[in-house]
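J.: Chains as they are written, first to last, in my numbering: chain R, 1 to 212; chain E, 1 to 189.
Some hints could be false.
What the hints assert, rightly or not - Lysine-lysine pairs mimicking BS3-like chemistry, simulated, CA-CA at most 30 Å apart:
hint	chain 1	residue 1	chain 2	residue 2
1	R	K146	R	K200
2	R	K146	R	K89
3	R	K200	R	K155
4	R	K155	R	K110
5	R	K110	E	K164
6	E	K72	R	K155
7	R	K197	R	K110
8	E	K31	R	K197
9	R	K197	R	K146
10	R	K89	E	K31
11	E	K31	R	K200
12	R	K146	E	K31
13	R	K89	R	K155
If you're looking for bench data, these hints aren't it; they were derived computationally from the structure. For clarity, every value in this text was computed on a predicted model and none was experimentally measured.
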Amino acid sequence: MQPKPDKPVIQPVTAIHASQVPLDGADDGMLASLVANGDRSAAAELVRRHQAAVRGFLRVVCYDRSATDDLAQETFLRAIRYAERYDPKYPMRGWLLTIARRLSINHGNKTRRRRPAAGVELERVVSDTAQPDAGLDEAEQQALTKRMVADAMQKLSEPQRIAIALHYQQGLPLEEIAHRLAMPIGTVKSHLHRGRKRMKQLLQPGIEEVLS
Amino acid sequence: MNDSTNNQSDDATTPLAPLNEHEQAWAGLLKHTDADLLSDSDAFVDGVMDRLERERGVFVLARVGRRLGDWKPLAAAAAVAMAALLGWFVWTGDPDHTGPNLAEQTPPTTTKLPGTLKDNQHADARPRPEDINVGQLIGDFSRSVTRPQVTVLPPEQTPNRLQKVLSLFENPVQDAGRFIPQRANPERG
């Protein structure tokens, strides 16, 4: 009588265990499939790989600066929970930014009443940076200018702000933005055009002096 | 400064105009990655993984739920089970009992069949057959069905009409005129 062959060891799908696969060269599709099978190291690698993009995106599009890291964490938690829904035909970053955008919109809807009056912060920053004897070094000057740009972004409409962030900050192509936002490419271009025009109006008084 | 954005078209086929100098300035600032995003990346990753561990129960339940598919049959089965359990408690009348346990029930102390006069504790309170007086029963029955008796005077004590008239002669009624009816028209005679 022949001995019974050993049963194949089936890894529990719900368990979060350490990966035996080298993750450095793994593409996003493989990473997502490992995460979907409960691979903890793959989940950590996914977060490490895309955290700067997601956090930077949220800092631009989210009204509440203090909530950006919480929203970024929630973005990755959702991505890990629903990793099997990731479509490897598209870059992982666009999928993550779509999740982050939805979370940001939901958070903005909840905290809209507590939002400070638009433009107040921007005017104060512009007046500070426009003073020639502000006594700021180059790093401080750049930080203030960056803050001024971020505040100007907050004055855009939501579709304009998200389109500009996805295209000019994250570098996503127009086709993918249209896919992620579920709108025609022409509409994406329209939002970009109007957003650029509005940014010019908002930043013209102060930024030229700073950037010159 | 070149104001290229004023000539933009919304047409999907028209390429987006390149950024002018002013726009490149603020777009470059948007692209610039903050130093803290790079410096505390490990702390951020640890924070996400810690939250993942804390929410692992929810994570597992969500996965199990998705594997199980539709939750409605499960909810219906749970509702039926709860209703059956509640019905059992109501039927038994004792919520401490979790099910039928015949071994715990005390067996009957006597093997005699109930229903005999000797075993019936109420039998002594009832008259025994040998104590029943048939004559008394008949008498009681007849009294219950006869009409109530009226006191009848003996015939010699019963006044008849003639005796009443004679008694009037012996004892004339005082002021009898008041009993004579008055005529309505006395002049007609």
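J.: Work down the list of hints and note, for each, if the structure agrees.
T.: Hints and how they fare:
1. R/K146 to R/K200: Roughly 15 Å between the alpha carbons, so the hint for R/K146 and R/K200 holds.
2. R/K146 to R/K89: 34 Å, violated
3. R/K200 to R/K155: 12 Å, holds
4. R/K155 to R/K110: This hinted pair holds, its Cα atoms lying about 18 Å apart.
5. R/K110 to E/K164: Given pair R/K110, E/K164 is violated - Cα atoms ~116 Å apart, limit 30 Å.
6. E/K72 to R/K155: Given pair E/K72, R/K155 is violated - Cα atoms ~46 Å apart, limit 30 Å.
7. R/K197 to R/K110: Holds: R/K197 and R/K110 sit about 29 Å apart, inside 30 Å.
8. E/K31 to R/K197: 19 Å, holds
9. R/K197 to R/K146: 18 Å, holds
10. R/K89 to E/K31: 25 Å, holds
11. E/K31 to R/K200: Status holds; Cα separation ~17 Å.
12. R/K146 to E/K31: Given that 30 Å is the threshold and the Cα spacing comes to 10 Å, the pair holds.
13. R/K89 to R/K155: It is violated: about 34 Å lies between the C-alpha atoms, which goes past 30 Å.
The structure is inconsistent with the numbered hints 2, 5, 6 and 13, although it conforms to all the rest.
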